[in-house]
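Participant: Chains as they are written, first to last, in our numbering: chain A, 1 to 583; chain B, 1 to 583.
Some clues are possibly wrong.
Which copy? The list can't say, so a pair holds if one copy fits it or any two copies do.
[What the hints assert, rightly or not] Derived DSSO-like pairs: lysine-lysine, alpha-carbon spacing no greater than 30 Å straight-line:
#: 1; residue 1: LYS356; residue 2: LYS3
#: 2; residue 1: LYS62; residue 2: LYS48
#: 3; residue 1: LYS163; residue 2: LYS396
#: 4; residue 1: LYS161; residue 2: LYS570
#: 5; residue 1: LYS3; residue 2: LYS352
#: 6; residue 1: LYS356; residue 2: LYS48
#: 7; residue 1: LYS570; residue 2: LYS415
#: 8; residue 1: LYS3; residue 2: LYS48
Hints in this document: simulated from the structure, not taken from any laboratory.
The structure presented is a predicted model; accordingly, all values stated were derived computationally and were not measured.
2 protein chains.
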Amino acid sequence: MDKQVIGILGGGQLGRMFIEAAGRMNVEVRVLDPTALSPAKQISNSDKHIDEPFTSSEAIKKLADGCDVLTVEIEHVNCDELAKIESLGLAQVRPSSSTVRLIQDKYLQKVYLAEQSLALPEFVGCDSLDEVVAAGEKFGYPFVLKCRLGAYDGRGNYVVKSKDDAASGFKTLGEKMLYAEKFVPFTKELAVMVVRRPSGQVATYPVVETIQRDNICELVYAPAQIDGDIRQIAMKVATDTVSCLPSGSAGIFGVEMFLHEDGRTVLVNEIAPRPHNSGHYTIEACHTSQFENHLRAVLDLPLGSTELKVPNAAMINVLGGQNGMQSVLDPCLASLEVPGATVHLYGKAGAKPARKMGHVTVVADSALQLRRRTDLIVGKLSNASDEERERLAYRKSQEQTTDGSVNDEEKKDVKHMSPLVGIIMGSDSDLPTMRPAAHILEQFGVPFELTIVSAHRTPDRMFEYARSAHTRGLKAIIAGAGGAAHLPGMVAALTPLPVIGVPVKGRCLDGVDSLHSIVQMPRGVPVATVAINNSDNAGLLAVRILGASCPTYLDAMQNYMDDMRVGVEKKIARLDVTGWKDY
Amino acid sequence: MDKQVIGILGGGQLGRMFIEAAGRMNVEVRVLDPTALSPAKQISNSDKHIDEPFTSSEAIKKLADGCDVLTVEIEHVNCDELAKIESLGLAQVRPSSSTVRLIQDKYLQKVYLAEQSLALPEFVGCDSLDEVVAAGEKFGYPFVLKCRLGAYDGRGNYVVKSKDDAASGFKTLGEKMLYAEKFVPFTKELAVMVVRRPSGQVATYPVVETIQRDNICELVYAPAQIDGDIRQIAMKVATDTVSCLPSGSAGIFGVEMFLHEDGRTVLVNEIAPRPHNSGHYTIEACHTSQFENHLRAVLDLPLGSTELKVPNAAMINVLGGQNGMQSVLDPCLASLEVPGATVHLYGKAGAKPARKMGHVTVVADSALQLRRRTDLIVGKLSNASDEERERLAYRKSQEQTTDGSVNDEEKKDVKHMSPLVGIIMGSDSDLPTMRPAAHILEQFGVPFELTIVSAHRTPDRMFEYARSAHTRGLKAIIAGAGGAAHLPGMVAALTPLPVIGVPVKGRCLDGVDSLHSIVQMPRGVPVATVAINNSDNAGLLAVRILGASCPTYLDAMQNYMDDMRVGVEKKIARLDVTGWKDY
Numbered sequence: 001m002d003k004q005v006i007g008i009l010g011g012g013q014l015g016r017m018f019i020e021a022a023g024r025m026n027v028e029v030r031v032l033d034p035t036a037l038s039p040a041k042q043i044s045n046s047d048k049h050i051d052e053p054f055t056s057s058e059a060i061k062k063l064a065d066g067c068d069v070l071t072v073e074i075e076h077v078n079c080d081e082l083a084k085i086e087s088l089g090l091a092q093v094r095p096s097s098s099t100v101r102l103i104q105d106k107y108l109q110k111v112y113l114a115e116q117s118l119a120l121p122e123f124v125g126c127d128s129l130d131e132v133v134a135a136g137e138k139f140g141y142p143f144v145l146k147c148r149l150g151a152y153d154g155r156g157n158y159v160v161k162s163k164d165d166a167a168s169g170f171k172t173l174g175e176k177m178l179y180a181e182k183f184v185p186f187t188k189e190l191a192v193m194v195v196r197r198p199s200g201q202v203a204t205y206p207v208v209e210t211i212q213r214d215n216i217c218e219l220v221y222a223p224a225q226i227d228g229d230i231r232q233i234a235m236k237v238a239t240d241t242v243s244c245l246p247s248g249s250a251g252i253f254g255v256e257m258f259l260h261e262d263g264r265t266v267l268v269n270e271i272a273p274r275p276h277n278s279g280h281y282t283i284e285a286c287h288t289s290q291f292e293n294h295l296r297a298v299l300d301l302p303l304g305s306t307e308l309k310v311p312n313a314a315m316i317n318v319l320g321g322q323n324g325m326q327s328v329l330d331p332c333l334a335s336l337e338v339p340g341a342t343v344h345l346y347g348k349a350g351a352k353p354a355r356k357m358g359h360v361t362v363v364a365d366s367a368l369q370l371r372r373r374t375d376l377i378v379g380k381l382s383n384a385s386d387e388e389r390e391r392l393a394y395r396k397s398q399e400q401t402t403d404g405s406v407n408d409e410e411k412k413d414v415k416h417m418s419p420l421v422g423i424i425m426g427s428d429s430d431l432p433t434m435r436p437a438a439h440i441l442e443q444f445g446v447p448f449e450l451t452i453v454s455a456h457r458t459p460d461r462m463f464e465y466a467r468s469a470h471t472r473g474l475k476a477i478i479a480g481a482g483g484a485a486h487l488p489g490m491v492a493a494l495t496p497l498p499v500i501g502v503p504v505k506g507r508c509l510d511g512v513d514s515l516h517s518i519v520q521m522p523r524g525v526p527v528a529t530v531a532i533n534n535s536d537n538a539g540l541l542a543v544r545i546l547g548a549s550c551p552t553y554l555d556a557m558q559n560y561m562d563d564m565r566v567g568v569e570k571k572i573a574r575l576d577v578t579g580w581k582d583y
Numbered sequence: 001m002d003k004q005v006i007g008i009l010g011g012g013q014l015g016r017m018f019i020e021a022a023g024r025m026n027v028e029v030r031v032l033d034p035t036a037l038s039p040a041k042q043i044s045n046s047d048k049h050i051d052e053p054f055t056s057s058e059a060i061k062k063l064a065d066g067c068d069v070l071t072v073e074i075e076h077v078n079c080d081e082l083a084k085i086e087s088l089g090l091a092q093v094r095p096s097s098s099t100v101r102l103i104q105d106k107y108l109q110k111v112y113l114a115e116q117s118l119a120l121p122e123f124v125g126c127d128s129l130d131e132v133v134a135a136g137e138k139f140g141y142p143f144v145l146k147c148r149l150g151a152y153d154g155r156g157n158y159v160v161k162s163k164d165d166a167a168s169g170f171k172t173l174g175e176k177m178l179y180a181e182k183f184v185p186f187t188k189e190l191a192v193m194v195v196r197r198p199s200g201q202v203a204t205y206p207v208v209e210t211i212q213r214d215n216i217c218e219l220v221y222a223p224a225q226i227d228g229d230i231r232q233i234a235m236k237v238a239t240d241t242v243s244c245l246p247s248g249s250a251g252i253f254g255v256e257m258f259l260h261e262d263g264r265t266v267l268v269n270e271i272a273p274r275p276h277n278s279g280h281y282t283i284e285a286c287h288t289s290q291f292e293n294h295l296r297a298v299l300d301l302p303l304g305s306t307e308l309k310v311p312n313a314a315m316i317n318v319l320g321g322q323n324g325m326q327s328v329l330d331p332c333l334a335s336l337e338v339p340g341a342t343v344h345l346y347g348k349a350g351a352k353p354a355r356k357m358g359h360v361t362v363v364a365d366s367a368l369q370l371r372r373r374t375d376l377i378v379g380k381l382s383n384a385s386d387e388e389r390e391r392l393a394y395r396k397s398q399e400q401t402t403d404g405s406v407n408d409e410e411k412k413d414v415k416h417m418s419p420l421v422g423i424i425m426g427s428d429s430d431l432p433t434m435r436p437a438a439h440i441l442e443q444f445g446v447p448f449e450l451t452i453v454s455a456h457r458t459p460d461r462m463f464e465y466a467r468s469a470h471t472r473g474l475k476a477i478i479a480g481a482g483g484a485a486h487l488p489g490m491v492a493a494l495t496p497l498p499v500i501g502v503p504v505k506g507r508c509l510d511g512v513d514s515l516h517s518i519v520q521m522p523r524g525v526p527v528a529t530v531a532i533n534n535s536d537n538a539g540l541l542a543v544r545i546l547g548a549s550c551p552t553y554l555d556a557m558q559n560y561m562d563d564m565r566v567g568v569e570k571k572i573a574r575l576d577v578t579g580w581k582d583y
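Extracted from the complex, chain A is given alone in its bound form (with noise of 0.2 Å):
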């Protein structure tokens, strides 16, 4: 594909996953890693791989010669090093030796993206227990304090509780090059891959969510179960920290944000210059994977699309245990079992506790398929919570005795997923009316939102909520109304996505007034009518449109209807049993 040669400093899992991208357009990687066969070495046949350190200068050099471009998998490097080969012309560096020291240099990296006005975190450096002390006066207890250098999966970080916990975190992080960062109180913890060519033109992958156990990732969701408008204000953080690093910061980066509990600010937590554990997903679920962009924008190539190609997908971490070895095999084989799941392990012989040894993908139809999916593998992690067996256990029950249907403990997990269906009805006097699609919805295991929005109290909501509603990530729309019952035909009006109307009954004729209003739409504009006051329907027909892409609706679709006529069947057999006469 490209005759340039790359170099990669570290030769772990993530060179590893790059060198399968390499491979696949046949780029020629050589690795500068310390171990022998390190698992990026072991998918590459090659005698021009390195074995010694990536911070030793001399095997940099080494590495430089033969090499048109050098990358890292790991921010740790000698930077000194890669700037004399900047400098001397040896080999394109990129991401560029600055941009690398920026971001190994976590204090250093907030100031320059704090003045470049990115929302982060109130921090302030800490070089003695004095200024350790002051940062608590200024951010309160407990507050943060952290390592400049060489801090990952929660190492390099101590939780200061109070004044008289100062002095020991102070002693804790070694007593020099620290910061301090003010507690943000977040719901969730979000990241964003950006991958970004030498020119400066980038590309922004899905937003997703990462849950930790012990300071280290767990699961990664895609996309994040948040609201579409967060979604969007999440690439937009990501994109611009990335579009604002120094020039010449070309490849794939990893952006660390904190959803703020007010549920709309969206804060820079930290980058990784580099492919990164939450972007694992993106070999299975999006069109290019953050290896192949990397290696693309390395190379400086047309990057490539950066779109999800399935609606929903997980990540799942395999860590060694106790059990050493078996505990990383235990959920790699359940995995097995599971559609959708594929096991990536990096070939590591030691498996010690922590140490990430493999990765699962999960791709679904729906964040509810999603969830019984990832349930089957969680369970099986050496480590995990009580909570995580007992959906195990209670998943392999449902395999045995599943009639599609969701239960009580599936529609609370629902509660927590991006709407998919919208309920809106013109006042609070329609909601006995409505309350049935909301019922139908929640059965069928459908995430929703129910809202008023009223076309003739409300109209710049109405706008707003229709013009949205596509991009917050809804697929259909169903909308109730009385009377003159224009709500569902202007939704229809602003919305490209199929909207269903519910005509309302009121007081006088009968229902039929805003029948014709919502049915008799001009031609251009289609709102999908129910019978009056049947707003069960609206429910059923949203599951149908839902499930005419999407396998998990359209069974339960089926199952529906087949119970429908068991029940039928048992009136049948009691009409036959009783008589007419008595039933």
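Mind docking chain B on chain A? Use the hints.
Facilitator: Chain B only, in chain A's frame:
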């Protein structure tokens, strides 16, 4: 993942992609191939590979020593030696030597399959010129004379055009080990991958359509754009074919088939006992790739899901051409700019004409989008036809000017795609009312079918149509009816798909009779009702339903709505200029 070590006979591109899958699961594979850094060996850093012919008894024995399982990436191997290894219990051989031997000899393969009652083209063995001539008398001309052994990509085949041609064919093919096959008048070549565990359990991939040029596969479309009923027939034929192979036939198999021009008959052409070119699309498009499932099968691990995870996919073979490596790079470089395209290069040095150097997979949310994307790559193939080059030029021009609309060329393409929407009506007298729905779907590039289904006059047909609609691949049904208007509601009672009802105005009651019949459905079964006689809106609603999950149609609907606005704006301007009196 598994401690078993696998030895593979052959180290070309199939072995390479197999090793990629094995690398992900950290399974050790040793390659036997005469070429030192053959494609498969390049991505496996091991000193256990063997650089000897896979026909050599010695080399096979050496490979078996230290391996738990032997498998093949090519069927032209030394079966005697494999049989010896089986009988001595040195390693598992999967697929078994007897299966490989059976498939190696295409004549024996056909005899076996015919004995198992599978439908094949008529054939007869030919060991002399007299027998060739007799075959001509039996089958008529033209018929196909084939080598029993070693044939591939059209090599070893000779089309005998007349009695006079028989001697030439007999001589060309070497005068021995031949068979004759009756010419099958087929409309399409289909293929299905089937994976089988040692226990005999099988899993079947979707049906694809393969398009050959100069007897080499150029393109694969998944799923095949044929009626869903035929897809099911072809999947059953392939499943039966692989299921009937001798016990011990574990691994992945490719089944090539002909779709007879009668449109219903599917005939088996031949089997490959290994990963197959027609299954490469599975890497990006299915839950589990053919390579990973082959790995699982030969290790006797649970099989992965064979389902598509994207709506549509294509595979384009990239061959060496007159311009050597440039012929290979041209389509690959073009692919980098096509969303959903992934390049695979096999790491072969010599780009000789017709040599398989790589392939490109393309995924898309619709057959229409897939066509738009593949056209941009196929036109760059070194042996592209004039038509393919014209299509590329046309696509390039569209990129500058496109407003998302579908032009006449595309409308022709769409006619050959599997229908997503069914338009039905009770009588041909409804056609004038329903035709606008068809025009809308045509305008949006939605593949559809239109037919007469009457609830009252053809109730059996209605049941059959509605019950099979979703398994045939339809996503929505538009049903028009007048008067008592039972069709939409009855169809909705029989299918889990969304049904759109169009009330057709009769001679009395102004269509209110049909409106009420269609819209006032009982709780449990919804019909999405549009305005009386307004089948345009039914078509538009179907597009919105598809668009809910398919950006191609969502974007097109947004463009359509913009166009409506612009249309009115023009009228506003004309009214301003002309004035209300003269307008």
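Participant: Would you pick out the hints that fail for this structure and give their numbers low to high?
Facilitator: 3, 4, 7
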